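Trainee: Sequences are here, hints too, so could you generate the full structure?
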Amino acid sequence: MLSRHAEDLYWLGRYIERAEDTARMLDVTYHNLLESPAIDETRAWKELLEVLFLDAAYPGPLEGRDVSSYLVTERANQGSIISAVARARDNARGLRDGISTELWEAINVFYLELARADFEIDIERRAYEIFSSIRSRCQLVSGVAAQTMPRDEGYRFMLLGWMLERAEMTCRLLAVRYARLAGEEAEMGFHTWASVLKSVSAYEAYLKAHDASLNPTKVLEFLLLSQEFPRSVLYCLQLVERLLERLAESPQQTPVERAIGRVRARAEFCDISVIVNEGLDQFLEELQKEIYDVSEEVEEHFFRAGTDLQLHSYRWA
Amino acid sequence: MEIFDEVHGPSGVRPHYRQLMERLDTIGDADLADRFGLIESIFRTLGITFAVPGHENGLDRTWPMDLVPRIIPGDEWRHIEAGLIQRVTVLNRFLDDLYVGSQEAINDGIVPRWLIESADGYVREAHGIPAPGGSRCVVSGIDLVRDDEGTYRVLEDNLRIPSGISYVLENRVAMTRVLPVGFARHSIRPVDHYGASLLRALCAIAPPPVVEPTVVVLTPGVANSAYFEHSFLARQMGVELVEGRDLLVDDRHVYMRTTRGLKQVDVIYRRVEDEFLDPVVFRQDSLLGVPGLHGAARAGTVAIANAIGNGAADDKGVYPFVPALIEFYLGEKPILPNVTTYLPWEPDHLELILGRLDQLVVKPVAEAGGYGIVIGTDADEATLAATAKALQANPRGYIAQEIVQLSTHPTFVNGHLQPRHVDFRPFVLCGDGIEIVPGGLTRVALREGSLIVNSSQGGGSKDTWVLEDGLEDAVTTR
Amino acid sequence: MRLEIRYLNEFAYSQPAWESHNLLRACPAANDHQRVLSYRVDVTPTTPVHSYTDYWGTRVDEFGILEPHDNLRISAESVVENGPPHEPSEDAPIDSLAPLAGELSSYLRHSPHAVWDDLIHETAREAIEESEGVVEAVTRICDAVTASLKYETGATYVGMGVADVLSQGKGVCQDFAHLGIAMYRSVGIPARYVSGYLYAADQTVAEAPDDPELDVQTHAWLEVFVPGHGWWALDPTNPQPIGELHVKIGHGRDYEDVMPLRGVYHGGAEHDLGVHVSITRERLAQGTDQ
Chain H
410 MLSRHAEDLY
420 WLGRYIERAE
430 DTARMLDVTY
440 HNLLESPAID
450 ETRAWKELLE
460 VLFLDAAYPG
470 PLEGRDVSSY
480 LVTERANQGS
490 IISAVARARD
500 NARGLRDGIS
510 TELWEAINVF
520 YLELARADFE
530 IDIERRAYEI
540 FSSIRSRCQL
550 VSGVAAQTMP
560 RDEGYRFMLL
570 GWMLERAEMT
580 CRLLAVRYAR
590 LAGEEAEMGF
600 HTWASVLKSV
610 SAYEAYLKAH
620 DASLNPTKVL
630 EFLLLSQEFP
640 RSVLYCLQLV
650 ERLLERLAES
660 PQQTPVERAI
670 GRVRARAEFC
680 DISVIVNEGL
690 DQFLEELQKE
700 IYDVSEEVEE
710 HFFRAGTDLQ
720 LHSYRWA
Chain U
2 MEIFDEVHGP
12 SGVRPHYRQL
22 MERLDTIGDA
32 DLADRFGLIE
42 SIFRTLGITF
52 AVPGHENGLD
62 RTWPMDLVPR
72 IIPGDEWRHI
82 EAGLIQRVTV
92 LNRFLDDLYV
102 GSQEAINDGI
112 VPRWLIESAD
122 GYVREAHGIP
132 APGGSRCVVS
142 GIDLVRDDEG
152 TYRVLEDNLR
162 IPSGISYVLE
172 NRVAMTRVLP
182 VGFARHSIRP
192 VDHYGASLLR
202 ALCAIAPPPV
212 VEPTVVVLTP
222 GVANSAYFEH
232 SFLARQMGVE
242 LVEGRDLLVD
252 DRHVYMRTTR
262 GLKQVDVIYR
272 RVEDEFLDPV
282 VFRQDSLLGV
292 PGLHGAARAG
302 TVAIANAIGN
312 GAADDKGVYP
322 FVPALIEFYL
332 GEKPILPNVT
342 TYLPWEPDHL
352 ELILGRLDQL
362 VVKPVAEAGG
372 YGIVIGTDAD
382 EATLAATAKA
392 LQANPRGYIA
402 QEIVQLSTHP
412 TFVNGHLQPR
422 HVDFRPFVLC
432 GDGIEIVPGG
442 LTRVALREGS
452 LIVNSSQGGG
462 SKDTWVLEDG
472 LEDAVTTR
Chain V
834 MRLEIRYLNE
844 FAYSQPAWES
854 HNLLRACPAA
864 NDHQRVLSYR
874 VDVTPTTPVH
884 SYTDYWGTRV
894 DEFGILEPHD
904 NLRISAESVV
914 ENGPPHEPSE
924 DAPIDSLAPL
934 AGELSSYLRH
944 SPHAVWDDLI
954 HETAREAIEE
964 SEGVVEAVTR
974 ICDAVTASLK
984 YETGATYVGM
994 GVADVLSQGK
1004 GVCQDFAHLG
1014 IAMYRSVGIP
1024 ARYVSGYLYA
1034 ADQTVAEAPD
1044 DPELDVQTHA
1054 WLEVFVPGHG
1064 WWALDPTNPQ
1074 PIGELHVKIG
1084 HGRDYEDVMP
1094 LRGVYHGGAE
1104 HDLGVHVSIT
1114 RERLAQGTDQ
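Residue numbers (our numbering), protein chains in the order written: chain H, 410 to 726; chain U, 2 to 479; chain V, 834 to 1123.
Hints are computed from structural coordinates only; laboratory data are not their basis.
Just so it is clear, the structure is predicted and the values come from calculations on it, not from any experiment.
Glycine included, each C-beta is placed from N, C-alpha and C at the ideal position.
Be aware that a few hints might be false.
[Said to hold, decoys possible] So the derived label-pair ranges between C-beta atoms look like this:
(1) H/R452 / U/G262: 44 to 52 angstroms
(2) H/T451 / V/G1107: 53 to 61 angstroms
(3) V/T877 / U/Q393: 53 to 61 angstroms
Mentor: Okay, here's the thing in structure tokens:
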């Protein structure tokens, strides 16, 4: 297929996942603060912005209302939910022949809802409703995609973007939260870990697999290495690896396949207790870097030539 | 002035319309109104809309199709077909002769050299670019009108990027849903093979050694008002719809960037205008084109349809010379006559035009879409004065024509059938030979008395039924 | 005179450029007054160069470089032998131009860089008011152009209209040529733009230099059509007739048609261009070099 279409689908997946992750983390942060007044609000919002790599760019006060509007409706913020959905919609519009009508409609309705003029006012009054509606809109998009898209090359590129974004996001969440956890009181630790799990919709799944004591090592292991939980880093990487094998369709291993093989193996064969003892932050940093390398290789291998290029011209007088 | 009505002749409803009109009578206006509403929703569901220029941010309008189809009997169609084949054959000959030949027609004074050299659509960079088989007008849209006697006349040639074929096909689809047609004895000739025919024509112009050519449709992108048609045609042909940035040129060969690497492209059905095609040679600020494409075309490794520079032949100032070109190249009389045209750059014509400005229609040579046309009988004093001034200042910029009272056709407006003016744009395909899908775009001016049928100016369209020979009475509808 | 011309155009990109596509018009024209003994183009990074003759009869060298590159070096070396000035031997009546209007219409109409206004037309008309023949009229307009503009490097930019150039009163060789073309066409004298090389130390003084080898620039002048004679070359930047010091590359309606180098490339990089032309007079055995 055309590189441009593949790239648009890849980014469509990434944008929707990004919107969903952002909404979920906002939701959890917001409600944690309501439930546990002891938590330092400024620090909580700062951390959220750090996870999203937006702490440096954020111009406003570290308060719930401001950070929320910045992350949801601020068009000037390239990392806001509305920016992500708007870009997903732009991509979808250019791909009308490459995606199902249902998927286009799901994304379009999502965008139109976010773009409604009164949305901003809503956010102050009905935070919970809004965050959960964004999440369910994202889930609707992924559900519609899964139900209506043929399992062809295009679908694989979309899923590839989706999974890489998810893996990256979970890593980032863990890295930021772990850095803070180092000196936590046990009790505070519980809330933090519970919110980490909730941030990736893993709280219930974790309780099912383990118990409510929330052993930090087990939480980490669950989010990093679970073979069953669909948002764990390993789960995402395994899926990415299978997708890339199909997409590369080459008898020899391509650089992109080597890159994913490397990072998947690092995750799969690691010993969580060793990691915790020797330094989780360094492990997460390396993991993030290797996931990033995979994204780079994907662009290089499949899209590089198709990127939207600036054209300059020169004439000589 | 007498006006020719397509349906009602001097002795009542014309034979080929009888069954249809009886059927419409039985259905009744109320039911027709319901069905009319259905059209809107069908087109909206199909996503068939068009953007109105000047309303960039407005919502696209759905394509206005009328309920009452136009019917062309078989013998009439054969006449039209013969005339179109003759005309397009000659236009191709003329263009090929101009760009890669010896310019016979110009050297023999059939068309003045200065006229061609001053045509906006004449592209000097197209000199030397081969067109396999001499097929430069792979897709032509020839606009026909019927005068007060019912004679089909050519109003305009569109040899660059004629659009509208998608509406022809979608009109037929919608028509069969809204007014189910009993194709008794298969009397209505089908149009749905257009995609296959277009692909065949495009393959025919592939650079010679290529056996199974890779064909693409090149679009300026989603922002283009005809994007729907571009994507429609790519789908109908089963080929890739690409933008300029999807293609690249390496050592004078064109490639498409795919997830499996570069794939060579042999034929480009481009819907990008000449001046945007290649920023190396044409407009340097164009991001719509493909750098190096001109060189590849010149080297003959890729075929471009329609060929670059066709505007030299469909310039309105060149139009009056087409009948002479037909005689020059074929030694034949034109089967489809032109409309009587006056040339403001000829002093005696200019005098005549200025004297009869309120009876003529004046058209800018370079505009399309019905823009800038002044119809003398409808214009006020100030407009006529401004037109006279413009003609004198830039005679090469205009032509003047006798006003043709386009034929009328019953059209469903405000709940009733009312006569409205129509024209007709058949699409002519030229690959190995010339093929014309039986039918075309009938455009209708929805405003009472209006002669401007362009969709951008409040025009609608009709499904157009070409009947099999000898089956004039066979149309039945349920 | 036999001249060896070395044209060198170099680009250094601050970030890699890729998918660069270029058209070079640097090859001397072959005609009755000028013989091309050799011509050779070299491009680095190495890439195939294809050439063709364009509508105007100018040789175009076409090349593209796909791979990312930090530098682009284009060199064109030619050896030409040209002859003395070829002036019209007798004048032609002004009205002998009228029948040629159709044939030469391209050289009589406005073109992007030669759009005239009333002032330009008026200046040209006044200059030829009492001329009896084409040659006389042509000479007078050429003198008018020379008198209207002062040569000043950097006073104008590509795309500046000739009307603005005239009101500003200064420009470079290109502006002299465009203004002249506009004036000629405004009074019905067919005129075209010429791109080429000038073997002179100063663009405004067409004198053979003392040094056999000289760094110069590309140059622009014009040609007008004189009935009974054909195209006649004049250089409004210089009052002297055109002869052995001028080496023609090609002609067109204006600069746009015969631009020495045009192209596009991808990459967000700044480019740094430097053009060098050096010309060497060759010693000939029989002393035909004057």
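Trainee: Given a hint of 44 to 52 angstroms, does the C-beta separation of H/R452 and U/G262 actually sit inside it?
Mentor: About 50 angstroms separates the Cβ atoms of H/R452 and U/G262, which means 44 to 52 angstroms holds.
Trainee: Cβ-Cβ distance between H/T451 and V/G1107: within 53 to 61 angstroms?
Mentor: 56 angstroms, holds
Trainee: Evaluate the given range 53 to 61 angstroms for the C-beta pair formed by V/T877 and U/Q393.
Mentor: Since V/T877 and U/Q393 have Cβ atoms about 57 angstroms apart, the given range 53 to 61 angstroms holds.
Consistency note: the structure conflicts with none of the earlier hints.
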